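Both chains come to you apart, so use the hints to assemble them.
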Amino acid sequence: MLFRTPFNGYAVKFSPFEEGRIAVATSQNFGIIGNGRQHVLQMGPQGLVEVAAFDTKDGLYDCCWSEENENILVSACGDGSIKVWDVQAPAQANPLRSFQEHQREVYAINWNVTRRNLFLSASWDDSIKLWDINAPQSLATFKEHTYCVYAAVWNPAHADVFVSASGDCSVKVWDLRQQRSTLSIAAHNYEVLCTDWCKYNDCVIATGSVDKSIKIWDVRSPTREVTTLLGHTYAVRRVLFSPHAESIVASCSYDMTVRLWDVAAPEDALLRLWDHHTEFAVGLDFSTLTEGLLASAGWDETVHVWNQNTDPRAA
Amino acid sequence: MASQGVPQRAQDRQKILLEHLRPVEAPAAAMSQSHLEANDCSAGDSSSYERRAASLDDVVVVSALRTPITKAKRGGFKDTPADDMLAAVLKATLQRTGVEPEAIGDIVVGSVLGPSSQRANECRIAAFLAGFPETVPVRTVNRQCSSGLQAVADVAAAIKAGFYTVGLGCGVESMSLNPMAWEGGVNPKIANSKDAQNCLLPMGVTSENVAAKFGIDRATQDKMAARSHARAAAAQASGRVKDELVPVETTWKDPKTGEEKQIVVDRDDGVRPGTTPQQLAQLKTVFKKDGTTTAGNSSQISDGAAAVLLMTRREALRRNLPVLGIFRSFAAVGVDPAIMGVGPAVAIPAAVKQAGLTLDDIDLFELNEAFASQATYCCKKLGLDEEKVNVNGGAIAIGHPLGCTGARCTATLLHEMMKRGSSARFGIVSMCIGSGMGAAAVFERGGETDNLRNVRPVPKQAHLSRDAAV
Numbered sequence: 001m002l003f004r005t006p007f008n009g010y011a012v013k014f015s016p017f018e019e020g021r022i023a024v025a026t027s028q029n030f031g032i033i034g035n036g037r038q039h040v041l042q043m044g045p046q047g048l049v050e051v052a053a054f055d056t057k058d059g060l061y062d063c064c065w066s067e068e069n070e071n072i073l074v075s076a077c078g079d080g081s082i083k084v085w086d087v088q089a090p091a092q093a094n095p096l097r098s099f100q101e102h103q104r105e106v107y108a109i110n111w112n113v114t115r116r117n118l119f120l121s122a123s124w125d126d127s128i129k130l131w132d133i134n135a136p137q138s139l140a141t142f143k144e145h146t147y148c149v150y151a152a153v154w155n156p157a158h159a160d161v162f163v164s165a166s167g168d169c170s171v172k173v174w175d176l177r178q179q180r181s182t183l184s185i186a187a188h189n190y191e192v193l194c195t196d197w198c199k200y201n202d203c204v205i206a207t208g209s210v211d212k213s214i215k216i217w218d219v220r221s222p223t224r225e226v227t228t229l230l231g232h233t234y235a236v237r238r239v240l241f242s243p244h245a246e247s248i249v250a251s252c253s254y255d256m257t258v259r260l261w262d263v264a265a266p267e268d269a270l271l272r273l274w275d276h277h278t279e280f281a282v283g284l285d286f287s288t289l290t291e292g293l294l295a296s297a298g299w300d301e302t303v304h305v306w307n308q309n310t311d312p313r314a315a
Numbered sequence: 001m002a003s004q005g006v007p008q009r010a011q012d013r014q015k016i017l018l019e020h021l022r023p024v025e026a027p028a029a030a031m032s033q034s035h036l037e038a039n040d041c042s043a044g045d046s047s048s049y050e051r052r053a054a055s056l057d058d059v060v061v062v063s064a065l066r067t068p069i070t071k072a073k074r075g076g077f078k079d080t081p082a083d084d085m086l087a088a089v090l091k092a093t094l095q096r097t098g099v100e101p102e103a104i105g106d107i108v109v110g111s112v113l114g115p116s117s118q119r120a121n122e123c124r125i126a127a128f129l130a131g132f133p134e135t136v137p138v139r140t141v142n143r144q145c146s147s148g149l150q151a152v153a154d155v156a157a158a159i160k161a162g163f164y165t166v167g168l169g170c171g172v173e174s175m176s177l178n179p180m181a182w183e184g185g186v187n188p189k190i191a192n193s194k195d196a197q198n199c200l201l202p203m204g205v206t207s208e209n210v211a212a213k214f215g216i217d218r219a220t221q222d223k224m225a226a227r228s229h230a231r232a233a234a235a236q237a238s239g240r241v242k243d244e245l246v247p248v249e250t251t252w253k254d255p256k257t258g259e260e261k262q263i264v265v266d267r268d269d270g271v272r273p274g275t276t277p278q279q280l281a282q283l284k285t286v287f288k289k290d291g292t293t294t295a296g297n298s299s300q301i302s303d304g305a306a307a308v309l310l311m312t313r314r315e316a317l318r319r320n321l322p323v324l325g326i327f328r329s330f331a332a333v334g335v336d337p338a339i340m341g342v343g344p345a346v347a348i349p350a351a352v353k354q355a356g357l358t359l360d361d362i363d364l365f366e367l368n369e370a371f372a373s374q375a376t377y378c379c380k381k382l383g384l385d386e387e388k389v390n391v392n393g394g395a396i397a398i399g400h401p402l403g404c405t406g407a408r409c410t411a412t413l414l415h416e417m418m419k420r421g422s423s424a425r426f427g428i429v430s431m432c433i434g435s436g437m438g439a440a441a442v443f444e445r446g447g448e449t450d451n452l453r454n455v456r457p458v459p460k461q462a463h464l465s466r467d468a469a470v
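Quick note, the sequences are listed as chains A and B, same order.
Taking UniProt numbering, the leading residue of the first sequence gets 1, the next gets one more, and so forth.
Taking UniProt numbering, the leading residue of the second sequence gets 1, the next gets one more, and so forth.
Excised from the complex, chain B in its bound form (with noise of 0.2 angstroms):
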């Protein structure tokens, strides 16, 4: 040792050190387990990472499930109370997962326009119209348009504080027996608030502001609804929105003849097929003289109901249900009353941020169509590709049942992530809020990071216990 001198003791050193940081395979034995990390952020460091850490407890959707959207006043719920349309998705929720009823922790239900209390009441009425038993408790909740967004939201946070392992996210909306309204007076103190005016303002008057301040012109407009028709009826044409679909059974008053039937509604009946942004650009501007937003590039007003199941990853594992997606994140921001419509642009950052992702991360859209005007800005805002944005149509052609929306969009977003497969793992449901707010929530494909084994293979015995007779 003394011969060999003091550099070349440090080199033989350092060589030695140095096996020990040898890149190493992983043991044979790790490909066949699965092993769980801990992640700063739920989502991983970023999808360009291929994650094959799944967490047991992470909130996974297993059920999204809607009505179809119909025209309020003329379509096919134009009859039917919001009690009938809740029932009839959570029914089919139950059937289909075959989730006993009083396994559910809570059911929140996003509505609007219902009056608050009287609304609360026909939620659990409707609860027990479904079959579910007085244990389960059932809640409202209202955030303007992203109440049935908010729903999911609230049940995925309940779930992971604990409260219960499964829980329903819900919306429904009946904007034919609920019309828009404003009751009693306007307090004067809004004076000396300029924002505080806003919040009064109707929406298609913000959805002219949009278009004003951002220069989003009519043509632009018209072309999106037209794209939202046609998008729409070709995914109605193909059956791609049928797996989301709940037909339901309600009576319906001929207008003409005051004849009640009994139909089936199990389309929705928005969609007009073959409409042209030139047949659009004939309509009448409805808010403003001169101005860009009429009935045609606006959100219809409709009726419809929708459920989202969730739970822990743990209990659909017990359960064997197939993991439709993983719930991520979700952000509400507040935004200027007078041009509520930029919601999303201002929510989607700070959602996608939350769940430790980037924007282009995502790969599906679901942003609420409530004007043209409005959306149309918030892809351009974002730098969207309209390729991924509302890819079987928004609320233009389908409809915008205000309380329903964000769980109807839920059921769209995630029913064609598992279509579209492994091409699209993260997708976002976004919507702006009338007052001034802007939601957007995370969705991960269940498929693509379900990697979790249920079945593992079983060790050989290498010895026998010391409890066993030999």
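Looking at chain A on its own, in the form it has when it is part of the complex (with noise of 0.2 angstroms):
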């Protein structure tokens, strides 16, 4: 299923609440300036129905549904700022929250999905915050990176635990309960540009880089990745396990592909290709709702939901 975005797409994530239900994060000339967008959408018989939409000033990078109200998503905001939306709500009672804290833009949101108040924010003014969303104020900020954070992921089995990816060209675990960083993996040679949490193992961990490779790691022995996975032509730009697979990882680069592969084989490890972007793909999601569903957002204003069994670009 395919829906047109008036701006470029940045991030795409399915509701954990509502089957078919997808925030679509977008912005304006690709980011670089001009407004943003946040688009709620529908699946339905008729495709991708719109059902709410609301307009920022700067450019939207992520956004995150929460995991305590099905009506309640935050967007990561250009200026900085985290908005905090409600479906439900009136068009003009609109952002519910701002939360102004970060320096530079906001390029990543993650909800908990067991403390379900919290969430996380990754700046690329370096740092990554973690907020409350009844607390005025951010409860903390973790500032190590010594570049844009492009990513902060909650570990799926402990409520305390996240990785985080960097500019800088390395990967951090951290713990809300310690003041530094845990763990500090010089992951890539080039800029990490994404990472995620094996949802079946707590101590694996998938990470994506400018050097266009996929490498998964074991927290376990941090001193050499597990695999690499070669495939893609530019920087990977997300990467993610399924959730309901153990060793399937799905990614989605600047090379405009979208691909499915299986980290169990690594030297047949690509399952699938899609090229149904004609721009960079930077938006990707797997629905936990509806095994083998899928969602990709691109620079060429297209957002496409579509089963992993079939071409995105015939439904």
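Any given hint might turn out to be false.
Derived PhoX-like pairs (lysine-lysine); straight-line CA-CA distance at most 25 angstroms [unchecked claim]:
1. B:380 - B:288
2. B:15 - A:143
3. B:223 - B:380
4. B:288 - B:223
5. A:57 - B:15
6. B:71 - B:223
A few chain B residues that don't get close to chain A, going by computed Cβ distances all over 10 angstroms [as the list claims (entries may be wrong)]:
7. 81
8. 131
9. 196
10. 258
11. 277
In short, the hints are calculated from the structure, not lab data.
Every value quoted in this text rests on a predicted model; they were computed, and no experiment measured them.
Idealized CB from N, CA, C, for every residue including glycine.
Pasting the structure below:
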């Protein structure tokens, strides 16, 4: 299924509560200058239908659904703010909140699935902040990276643990109970743009980099990657573990492709290659509610939702 | 941030995002790992790209062998039945590759002149004589002069379709024992169709038609015929065609004494070294007064057999067999029956297009010389460099055992490509077909793209597995 956004897509996220509900964060002029718009779409028999849209003054780089309330979602904004939206509330009531603390663009945002009031933001001001949706200020700031932080993701099994990926080429693992990061991996020789935890093995992470590769790491033996997946011909923008299978990983890249990999078979890992985007493919998500359903967003101003066994262009 | 202003911010953002697109050397690990990529066309964008992607599902040729081609009624095989010739190449293929006969999924044999049902039976007999068990099926295919190539293409298609993974595409013809003939009457309805009538034209007449229509003169044709003999003789003398030949032991009746002899046929006996255009110019035309087609500038009537063993690359790697070539594409197209010789000029571009290539990418051609007239026309029409066409001589010197020719040319082409190395990456087998058709197939040299390694370095173990006992 296809939806055209007026701006360039940056992120796409399936609602964890409602089947077929999708949030899409977009930015005007490729996010370099101009406005942003947060779309909420619903899959139906007519395809993807917009149920809500919120405009922002600056571009939106990421978005994330609340794990607590099915109507709440947050967006990472280019002006350093984090916007909280209520899909049910009237337009003039939105944004419900705006957290303005980051000094530069907020590039990623991630909600804690266990402690459902908490979420993380990662920013180009080199810091990561911890937020409580009900607190007026951030609860903590994590500042160790020396360049833009591009991603911060909670561990699905440990509510206090998260991983961050940065343009300083490192990946750090953090524990809220400790002041400093608990592990720092010099993961790639070039900027690391994305990371994710395996949903079935709480020690395994995936990283994607400007060096075009995806690496799989085991935090118990961080000296060397477990596997390297090669194939993307430009920087890997997002990498995600499947919520339904331990060894399945999806990725999207500046090479405009979306790929599906099986990390358990590293020498024959590539399962699927989709080239439905005609510009950088930068947004990607697995549906947790419908197995095999994927969504992607790109700078070509399209959002695609498709089953992994079909061609995104077919539907 | 507020102090920076919007233009400054846009510039900074652009800078950070541009860093994401930094050209990066592939990580060192990439060098030691082969990775597969999906390609829309079977041969990649164009040969100018050095392609590293080789698919395990590629259909590859691991063996292509032929008997010597001998003159009908006079040559070494004049008393040898078709089944014996076919059995000889089948046996040699199994022996040289070590493939067990029960692994063959099908034997497809191109054959033209043999009586249809009887020839199918003879081919089955040949398989038994060659040591195949009863479980291996056999069939024949008849697309006139391209039957041998059609057999190879049929096997490649069946492997692609997944019907089996290993198959033999063959060709056999005894023009000594099965001369050209027409049985029964002609359908009177052809009176209404010029094309249908033209199907009945003798091939020589179609050659005269091509020569007349496209202005191919006698001297050009004789020159080409002489060159064919010269090249074939040179290849024979230097032993260049030895690798593709299977010597065959057979009985031969001495025409003078009537005595039966056991002989070993190990060379093409139609080749006449020292043939000059001047000698050929003396010959009388056969089909038309003041015509141009003579016995000297037409293909010879011959006997012979050839066999091409195809399988998936996966299977070839498993068996550790060297890949001689990759079957890339095949096309058969129809043309005006009155000028059937123009077939290759239409079929070659079709096959090249199917492979995702351009004509410039092709380094070698086996373009069957049914007649010097049509072969010259096709080369001219396509603008082919004569140094790339029939470099070891063609049917004018070697002979044209109809059903065998396609498989024979495949063997000649692939062995020559292997000898030429990377200077010959893509090759074509093509021929014209009686009743107005052309066929062509594109092959890629095996060694060129065959970078898939069976052996890869074992990655260093960074940690013990969970199962390991310390």
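Comparing the hints with the structure gives:
no.: 1; hint: B:380 - B:288; in the structure: holds, 24 angstroms
no.: 2; hint: B:15 - A:143; in the structure: holds, 22 angstroms
no.: 3; hint: B:223 - B:380; in the structure: holds, 14 angstroms
no.: 4; hint: B:288 - B:223; in the structure: holds, 20 angstroms
no.: 5; hint: A:57 - B:15; in the structure: holds, 21 angstroms
no.: 6; hint: B:71 - B:223; in the structure: holds, 22 angstroms
no.: 7; hint: 81; in the structure: holds, 49 angstroms
no.: 8; hint: 131; in the structure: holds, 37 angstroms
no.: 9; hint: 196; in the structure: holds, 45 angstroms
no.: 10; hint: 258; in the structure: holds, 66 angstroms
no.: 11; hint: 277; in the structure: holds, 55 angstroms
Checked against the numbered hints listed earlier, the structure breaks none of them; every hint is satisfied.
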